[in-house]
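Asks: In order, the protein sequences belong to chains A and B.
Counting from 1, position 425 in the first sequence corresponds to residue 425 in the working numbering; the numbering is continuous, with no gaps.
Counting from 1, position 393 in the second sequence corresponds to residue 1393 in the working numbering; the numbering is continuous, with no gaps.
By construction, these hints were calculated from the structure, which means they are not laboratory data.
Since we're looking at a predicted model, the values are computed, not measured.
Worth double-checking, as some hints may not be accurate.
[Unchecked claim] Below, computed lysine-lysine pairings styled on BS3-like, alpha-carbon distance capped at 27 Å:
| # | chain 1 | residue 1 | chain 2 | residue 2 |
| --- | --- | --- | --- | --- |
| 1 | A | K34 | A | K64 |
| 2 | B | K1189 | A | K841 |
| 3 | B | K1098 | B | K1189 |
| 4 | B | K1297 | A | K841 |
| 5 | A | K73 | A | K382 |
| 6 | A | K841 | B | K1098 |
| 7 | A | K749 | A | K859 |
| 8 | A | K757 | B | K1320 |
| 9 | A | K859 | B | K1314 |
| 10 | B | K1297 | A | K757 |
| 11 | A | K34 | A | K256 |
| 12 | A | K157 | A | K841 |
| 13 | A | K157 | A | K874 |
| 14 | A | K846 | B | K1402 |
| 15 | B | K1369 | B | K1218 |
| 16 | A | K859 | B | K1320 |
| 17 | B | K1098 | A | K846 |
| 18 | A | K157 | A | K256 |
| 19 | A | K385 | A | K258 |
| 20 | B | K1320 | A | K749 |
| 21 | A | K749 | A | K219 |
| 22 | B | K1098 | B | K1086 |
| 23 | B | K1297 | A | K846 |
| 24 | B | K1314 | A | K757 |
| 25 | A | K846 | B | K1189 |
| 26 | B | K1314 | A | K749 |
| 27 | A | K281 | A | K219 |
[What the hints assert, rightly or not] To spell it out: a stretch of chain A is covered by chain B in this simulated footprint if at least three of its residues, at any positions, have a beta carbon under 8 Å from a beta carbon of chain B; those stretches are:
| # | segment |
| --- | --- |
| 28 | 395-409 |
| 29 | 486-496 |
| 30 | 596-605 |
| 31 | 675-681 |
| 32 | 890-904 |
The beta-carbon is built from N, C-alpha and C at its ideal position, and this holds for glycine as well.
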Amino acid sequence: MKYHRITNIVSAIAFAGIMFDVSASVIRITILDKETRQPVEMVAVSIVDHADRSKSHGGLTDEKGIISQSLPKGEWIVNAAAVGYKPLRTTISVADSPATSYTLSMDPVDPIGEVVVTAREGRHATSASVIDSTAMQHLQPSSFTDLLELLPGNVSKDPAMGAPNVINLRTATNVTPGNDYMTSAIGTSFVIDGVPVNNNAVMQTTPDSNHSRHATVGKGVDMRSIGTDDIERVEIVRGIASVEYGELTSGLVNIKRKSGVSRVEARFKADTQSQLFYLGKGFAMPGSDWTVNVGAGYLDSRTDPRNPRENYKRVNASMRSDKRFHNQVLSASWNSSLNYGASFERDNNDPDLTINNTVDRFSTSNHSFSWNNTLNIRPTDKAFKEASLTASLSYNRERLHQERHVASSRVMPMPVSLVPGPHYVNYLPLLYYAVLDVDGDPFSAYVKGATTLRFDSEKLTSTLKAGVEWNMSKNYGRGNVYDLERPITASSGMRPRAFSDIPAMHQLSAYVESRNLMRLEAHTVEATLGVRETQLMHLDSRYTLAWKPYLDPRATLSWTLPALFIGGYPLVPELNGGAGLQTKMPVASFLYPDLFYTDFEQLNYYHNVPDYRVMNVMTYVEDLTNYDLKAARNFKWEVRADLNYRDNRLSLIYFREEMNDGFRHTGNVHRYNYRRYDASGYDPYMENRAPVIEELPYTDMTYQTVRSTVTNGSSTLKEGVEYTFQSRRFPVINTRLTINGAYLRTTNKNSQPLWYKPSIIVNGKELQYIGLYDDNDGSVYESLNTNLMFDTDLPRLGLRFSIGIQTMWFTARQTLWRSGIPTHFMDPAGVVMPYTAAEMKDPYLKQLVRTFGVSTFDKYTIPAESAINIKAVKTFWHNRVNVALYVNRLFTIEPDYTYNGVTVRRYSSPYFGMELNLRI
Amino acid sequence: MYLNKVFFRNLLVCSVLAAGFSACSEDDDVTPVYSVTFTDKVPDGCTIESQTINFTEINTGAVTTVTSTDNLQLTAGTYNVDATAKVSYTDNGTLTEKSLRAVAQNVVINENTHSIALDWYFFNPDNSLVFSEIYVSGSLNATGKGALYDSFFRIYNNTDEVIYADGLALCESKFTNATSITVLTEANKPENNFTAQTIYVIPGNGTDVPIQPGQSIKIVDQAIDWTEQVSNAIDHRDADFEWYDEVTTGGVRDTDNPDVPNLNKWFSYSATIWLPNQQCNKSYALVRMPEGMTAEKFLAEYNGDYTYLSSTGKEMNGNKAYIIPNSWIIDGVNLCVAQDFKMASLAPSIDKSYSSIAVENTVANRTGKKFRRRQAGNSPAGNVILMDTDDSANDFEVVSAK
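Kindly generate the complete structure, drawing on both the sequences and the hints.
Replies: Spelled out as structure tokens, the structure:
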């Protein structure tokens, strides 16, 4: 289905706000594309009384190409206008019959001009990239991750299926966000057919650092798990999202899946790392206005094609029903979908690389089931345009299974004590076999009620949207399940924990948004003002967040200036701008961290005679919950200028986003007291037994260390300029030029002072002084790129190909200045004192000064590199068979560069794939 | 001070057999005396300036000491020979003095053989205690994926006198010999000082830790029986010392065997344990701290923070290091995997070269192998003399650790 830009055409339609008392009849107009017979969405339709031209009605067609209107009996003139189509004008007669349907067909102006193989800049006031199925077919993606190449500032990347793929909108390309800067990814909401993906209750992780990269907890949506084949259209809102959407800081990914009757579509894709299969069809069901779409896909991918032990598999299947009803007073639609998704990840070790052929296993599996329903009612009433109710249930069955041979290089106490205090514990064997299962069963429910009201006057069209949203999530999983005496790592602060002990999270939000379209002579101004209110309920009252309301005001303005006529064609300038706050609540793992267990060795008497050995530990059990945790809030504003001329379009955006309370693991000083028992005077041979602590002298020990809790301590500042130019398709050569790119500047730093304990031993003891540093632990990243794409569409040859030249002009990174001198320090007694010049001379305290080389803070710039990517799609047999291929980095220009006298050489190798599409 | 070539190339051709015999006495009661000829194998470019040669007749124990080999006459017998010499040579235009030593065992002087071959090698007369074994790679653990912490150092008394090891420091270099950096701070350049990241000192009041001639002490990381995990590993329950890093919590721990005394820990870069570089790419030094040096004084005065250019050319700061004057070092060894060698952390005067565990750095190549000092011969007292030419490529061999 085609999506059309209409904003500047709406102004051409006049409306009159007069109601008629005479008996009315409901007419339904369906607008189809004359060539494809597909419905056309967003067609501006005005219906004017033939007799009295001041009486008019109108609106936009929905995604089914339908507009419904209650009209009195008489002759009416229908005007329909949409970009890419010749304006349509016709007359209809409304008779006494209660309901009449009309089908109108619109002539495409330039059919080949409509093929868009790149992302288009959306036509609303906020900046958004729209990617439709044609662009996806041309791009040949394996997962949603691949689509991001089309956003300004991004270049093509090879799939990285070995770890969750997280989204980073408007972030300089050379940023690899660590866990401390994940809020941008967590705060990008993925909405699929009106239902947000909720992974707030995901807890899957492992204490084994060799595999922690596979963990999905606290990372947002894993884009690997989203297949693209069922997607009709994606709108990625980089700017200010409508207040209709919440639980986001950075952006919104609004996915609309295919619906409607279609042939059997089959896709077979192979690239260097993966194979993908997809089969889908849209069925017409008995009765009228009922379609059911089914689709199923399978992806098998290997991080390294030579390595069969590490892979990622994905299965997607869905059944989507779309039923419509029409009668005199309303038209309604009921969309229901059943969805299944699964992903399987495996990362076993290579027994050939271990001397003893030991096999350690790691696997994750995730089965997700969801049932979504949307009921949409559109009364044929003038003011009350639409009411909808969306409800969704989803359940994920997430399993992590790990088997590991743990061969210790040290004698460790068994981490078995579950309560605080001193305990005698056994020694872990130097070699054992450990099995860990992490069972997560997150469940979420979602209900949203929304209404749209519309008020028209002569100069003003007002739309009022309001809604209420509730979502809950709870993990019913058993959590970490393992034998206490055989932990997966010989030492971790972990003990078994059932995720089901974590209370459910309930979030309630409401929003109201007013969109006003004003026509002032030749100017059109669209102003949108909205506010969204949200809070977490069902939280313990100790949490600052409990019932704390957050208000997100968001406003956008779009001003279409009068067209200038140049060479007989209109040049339409447009100015857009917006500002708003976007808020993301913390996820369950941030609000309810695991209890942290620490065992201090009070006595480790590892005698040569095993019978005399004894280990006594002091166990601390700490709740690292940060009850002061708040939501992360991103304030962004942007301005955009657009120029449209003869289907050429230039967009230029400046944006700035500032988030000072991103989620971060921040250290706090914790003090522990325990005893060190001195067994040096004990003679086990005389006693013929191991010592007991009661008979030994001891010294009281204090240990201070920095323990991490989740805070709002990360700051991310994003600013930049995004630009997109899309030419019209030049006749004769049928080629369109698209230029896009961005200058992006991202600053990641901590926003609160940091405690830091240097890991240093002086005189045989770990330094027990801890410094408090004001310095920003952060960096500034920059990138500037230009992507040129020449795409040629030759319908007579059934050939579409593109040449993309992607140039990264530079990327740069600079560490923020740090003095390295603490402002305060904490001594071993726990007293905090200011750090002065006198402390700098103390042999112990001077260790707190962190020293940095003079060039540590120099800017490291990597100069330009270019890559040429080609993509081609050839269709056979009336578009029934498509063969496509792509090669990324077929040619590259990556000149050597010199940094500080060292020559750096750059290499890359091409990445390629092929696919076959069938429409039978 | 590099010598131009590898040593001992200059093979002096044996002198012709002694032309004339001394008069053979028929009288058995009189021990015959023979003129002895010498074949000296001297390092390239060196000229012997003075020498002292001790001949110990092993049956009688009679010792003959000479300072010149001219017209030397010895009574018939079997001798152990221990010779030291001073040489000078020109190194890059600078006249340099060095000591040489040569030993020979069971040299028979009789009517048929009366020539002695002396194989001279560079020798540091202060190297009374030397590393005889260095095991840092560790034994392969039971999963075959990493190494155990059964590393150890063996310190050997290379003299014929009792030497006390109290106060001796075992140090690991800060710099990795497989990493190419340019040290900018003058004091940290190897030719000036040794930059150490760990300093562990043998406890005692000066006479508490005697090492008998020809004997050694074993200093281990953790004095436990590693064969409990892998039979090929080493049982360290018999160690003389262990370095113990008191870590009472966290994933990294150390174990204090109550039966094995601990080294005094003066400094370690690590907040947890000191694990010697398992890649075998660092340098190790035995340091005799000057009289009266204490940990406090040392830490206050010998801070070794430095700046350097990294391999990417970026100027960086290095810290958690202390500097040790080269003159305090009594023995030092550079280690590096041959393929990866970039720089030496020790001055050439301490170790001219480096000893490598393998050509290529893989876990399989290095685990379970130790560096062992070669034997040069036996001292007059019959103790094994270990090769100490300040040239670890020559002095050490790589053998199985077990």
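Asks: If you check each hint against the structure, which ones fail?
Replies: 6, 12, 14, 17 and 27
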